[in-house]
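As given, the protein sequences belong to chains H and Z, one line each in that order.
The first sequence begins at 1 in our numbering and counts up one residue at a time.
The second sequence begins at 1 in our numbering and counts up one residue at a time.
Note that these hints are calculated values from the structure, not bench results.
Treat the hints with care, as some may be off.
Calculated pairs, DSS-like style, for lysine-lysine (alpha carbon to alpha carbon, straight line, at most 27 Å) [stated by the list, open to error]:
{"no.": "1", "chain 1": "Z", "residue 1": "Lys73", "chain 2": "H", "residue 2": "Lys416"}
{"no.": "2", "chain 1": "Z", "residue 1": "Lys233", "chain 2": "Z", "residue 2": "Lys73"}
{"no.": "3", "chain 1": "Z", "residue 1": "Lys94", "chain 2": "H", "residue 2": "Lys416"}
{"no.": "4", "chain 1": "H", "residue 1": "Lys158", "chain 2": "Z", "residue 2": "Lys308"}
{"no.": "5", "chain 1": "Z", "residue 1": "Lys44", "chain 2": "H", "residue 2": "Lys154"}
{"no.": "6", "chain 1": "Z", "residue 1": "Lys308", "chain 2": "H", "residue 2": "Lys88"}
{"no.": "7", "chain 1": "H", "residue 1": "Lys174", "chain 2": "H", "residue 2": "Lys158"}
Here chain Z is said to cover these stretches of chain H; the calculated rule only asks that three of the stretch's residues, wherever they fall, bring their Cβ under 8 Å from a Cβ of chain Z [claimed, not checked]:
{"no.": "8", "region": "100 to 107"}
{"no.": "9", "region": "272 to 280"}
In this text, a Cβ means the ideal position worked out from N, Cα and C, and glycines have one as well.
So you can see what is in the structure, the chains are spelled out below.
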Amino acid sequence: MKKMTVWNTAFFSFIMYLAFILCPLSSHALEVKRKVLDNGLVLLVVERHNLPVVKVSLGISAGSLNEPAEKAGLASLTASLLTEGTAKRTALQISEEIEFVGGDISASGGDDYVTAGLSVLKKDIALGFDLLSDIILHPVFPADEITKKIERTKAGIKSREENPQYVASREFNKAVFESHPYGRLVSGTDETLDTITRDDIVRYHSEYYKPNNSILSIVGDVTYEEAEALLSTYFSDWKRGEIRTQALSPIRPEKKKKTITVDRELTQATILLGHAGVSRDDPDYYALSVMNYILGGGGFASRLMQNIREEKGLVYDIHSYFSAEKYGGSFRIGLQTKNESANTAIAEILHEVQNIMSEPVTDTELADAQSFLTGSFPMRIETSSSIAAFLVAVEYYGLGMDYEDNYPSFINGITKEDITRVARKHLNPEDYVLVVVANQKETSLSEEFVK
Amino acid sequence: MKKIILCAVVLLLFSLPGCTRTIQSEKPVENGPVYEEVLSNGLKVFIIHDRNAPLAVFQIWYDAGSVHEQIGKTGLSHLLEHMMFKGTPAHGPKTFSKIIKRAGGIDNAGTSKDFVYYFQKLSPDRLHLSIELEADRMRNLIMDPQETMSERDVVMEERRMRYDDDPQNLVYEEVVAAAFKSHPYQWPVIGWMSDLQQITRDDLWKYYRSRYVPNNAFIIVAGNVDVLSTLEKIREEFGSIPRGPEVRKLSAGEPEQLGERRVTVRKEAELPYVFSAYKAPNMLDEDSYALDVLSVVLSGGKSARIYKSLIDEQRIALSAGAGYSSTYRYPFLFYLYGTPLPGNPVEAVERALYKEIENIIEHPPAEREMAKAKNQIEAEFIMDQDSIYYQAMILGQFEMLGDWTLKDRYLDGIRRVTASDVQRAAAQYLVEDKRTVGILIPVKKDAEK
């Protein structure tokens, strides 16, 4: 469906979805069978027999973290070319075979890991696994498909310039992460895409697409025994190999205020304000989850929404978000408001940040945040495809298969003092990165935010 | 539109022939996993019993979409949806979502041209909260004047974000406005900016009082819930709300279109865009099944005609496809769209899209293409049953069309479609005289200086 015709009161952004994929469940326990196979592949299986459907997610640590800066886009290009031709199938044969049975097979890039996905009816599971193993083990990266993919990737980059939120996010990541791979576009840029050769892609695939570098989750109308049998039939040729790890540059060591403006013919200013954050394994992660829910992560329950939307009517959507990845992360507050209101909105969000650092949150705020975070998880893993994606993330970030059991105690153990402490430690209302994509003349950004 | 028309194979398996509606019976009418009852005040209740679901969904639908607005007051229905979160004497301002979230649930609402719906998703043992809160706000909204003005500002920001600063959505808005000159489908759900500035609290109040009545609404509950006690709770909370006067039925039509209409949007953008829409029937017409299959033959993935031709072989488009809006209550649109790859004129993309239609009109789709499209529709139908929210949405949309049991006949309709049906439907509906075309012409800020 190309056009949305239903208007939601609260804007469910993709970012919120990602934030929740790493949150866990409390009451509806998943029965996960986990096994590390002889070749090093981590296999995760959840049986669900409510529908004759199987969903598969394969995470491979072959994201943009591993690519050289001058070849930015290599990891994403390699992933997206997996479905564009194998030793025995052309790109069209792959799509024709899977689409004929109403299934789907896809692969796409990411920074920490790339993901290949398979979605099929139970009756077509053998075909699905045949295709999945073919694209992972035997892609041939035909030269003409590479040319076409690069051409479309460049056009896609150009067309996304029309999206103010994309532009703001790109500039924000660049300023916060600088030379760290998290600061780059996963897609690469026109310049870096031009340096990538077929040899680079073939080598990248042979170096990183190894079973001991991968996590495979299978969820749906399948037993663990059937899953193992499929693996031995279709993935027995997948051989363990040594993985070369890249040294990563540190994330923005010096803290200094930085403001970036992008001038466009827009009626609204798209604003991002934030700075470096924490990695997923930071001990403060759970206290930050609760703090952020109260500040700006909790939709209508959050202070930013109450103040800036409900009381002042300045925005439709406003949220704050900690992006916590393997090797670091960021904190950001995002909003859109008419150009003329930009200064007021920025002043208000800084005020809310200062407030949560200086004053303790109320007992009610804390209790509400805890009951939502612990109580709402089942809806994040309601479907087989969401469970499959969740399992890969839990394994990749080392959260443990008992994560769902432990999560309520992680959240319920947080105190008001913890919240003030982590707010003071991880928020910074002085040395922030501020990005404003707007009609700059109408916005007329105040001196105090620019200097 | 394939994506919207989904229903449970589970439902089909348990479906019983015939379904009589009873008024205020203590035993709901059971139709497979769907239980149905009508309260004495006219409020219909559907319960979808799904033993596998860990969660419950509560939805209440009102026949109060933007088709019921008047010229000069567009956007009223959607603004009222926002106001429904602003509190009642029993549950003060800004508390609705907080109560649901505190219970570990989420809530939201949506407005379309045809309807407004409100929903919560939460643990089945908290379902009573939904029932109490929705019954309360059907009747007792405060609608404080100052809050109303502030929320109007919020909706204006929403309009800026979704339309005014999104060039492709502006084209869509212009095409729909040009395609319909009489039918109220012409205006956008979010409303025109100049109308939003005019809407008063009184306008909203009259609309609320006339359309938010039990006899203009229905409830859908889905999940592993106890059917009888859920119905008892609904009767207890909603049963005392009096039936309202019968609501005005929409009688607008749309005169036959006698020639192609073209609109252009000049706006700062990176790439041009074409959106070409044909008048088409809805699900109540047998031809809709053929048009559904046609949209998948054209646009159902990378092996389908439009991707294969425009994107892969000719390499003139960055993105292109077809879509069909069949679940609208009144006839709406079948559309084609495309963004050229840089260096290619938008006219070439537009011509190539029409060429695909001409090909269908000249030669019916191959048997394998027909089988593939039907398999795709059927598989998606099954897969989407994994979400009880989606099951409830489908029931609601079909009920809005006139009869929810239509959804149990949908796949049969798809299976009946022949290649010559597809060919005939293309020839009948996808004709130049019945289309409205929108073109985005990018204007660069620098070039203007």
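Hints, one by one, checked against the model:
As the CA atoms of Lys73(Z) and Lys416(H) are separated by approximately 47 Å, the hinted pair breaks the 27 Å bound. For the given pair, Lys233(Z) sits about 37 Å from Lys73(Z) by alpha-carbon distance, which is inconsistent with the 27 Å threshold. For the proposed pair Lys94(Z) and Lys416(H), the alpha carbon gap of about 24 Å is at most 27 Å, so the pair holds. Taken as a hint, the Lys158(H) and Lys308(Z) pair is honoured in the structure, with Cα atoms around 22 Å apart against an allowance of 27 Å.
A C-alpha spacing of about 52 Å is found between Lys44(Z) and Lys154(H), which places the hinted pair above 27 Å, so the restraint is violated. Under the criterion of a C-alpha separation no larger than 27 Å, the hint pairing Lys308(Z) with Lys88(H) is consistent with the structure, at around 20 Å. A hinted pair counts as satisfied when its Cα atoms are at most 27 Å apart, and Lys174(H) with Lys158(H) qualifies at roughly 18 Å. Judged by the Cβ-Cβ criterion of 8 Å, the region 100 to 107 of chain H is covered by chain Z as claimed, because 5 of its residues qualify and three suffice.
Coverage of the region 272 to 280 of chain H by chain Z is violated. Counting CB-CB distances below 8 Å, 0 residues qualify, and the rule asks for three or more.
In summary, the numbered hints that this structure violates are 1, 2, 5 and 9.
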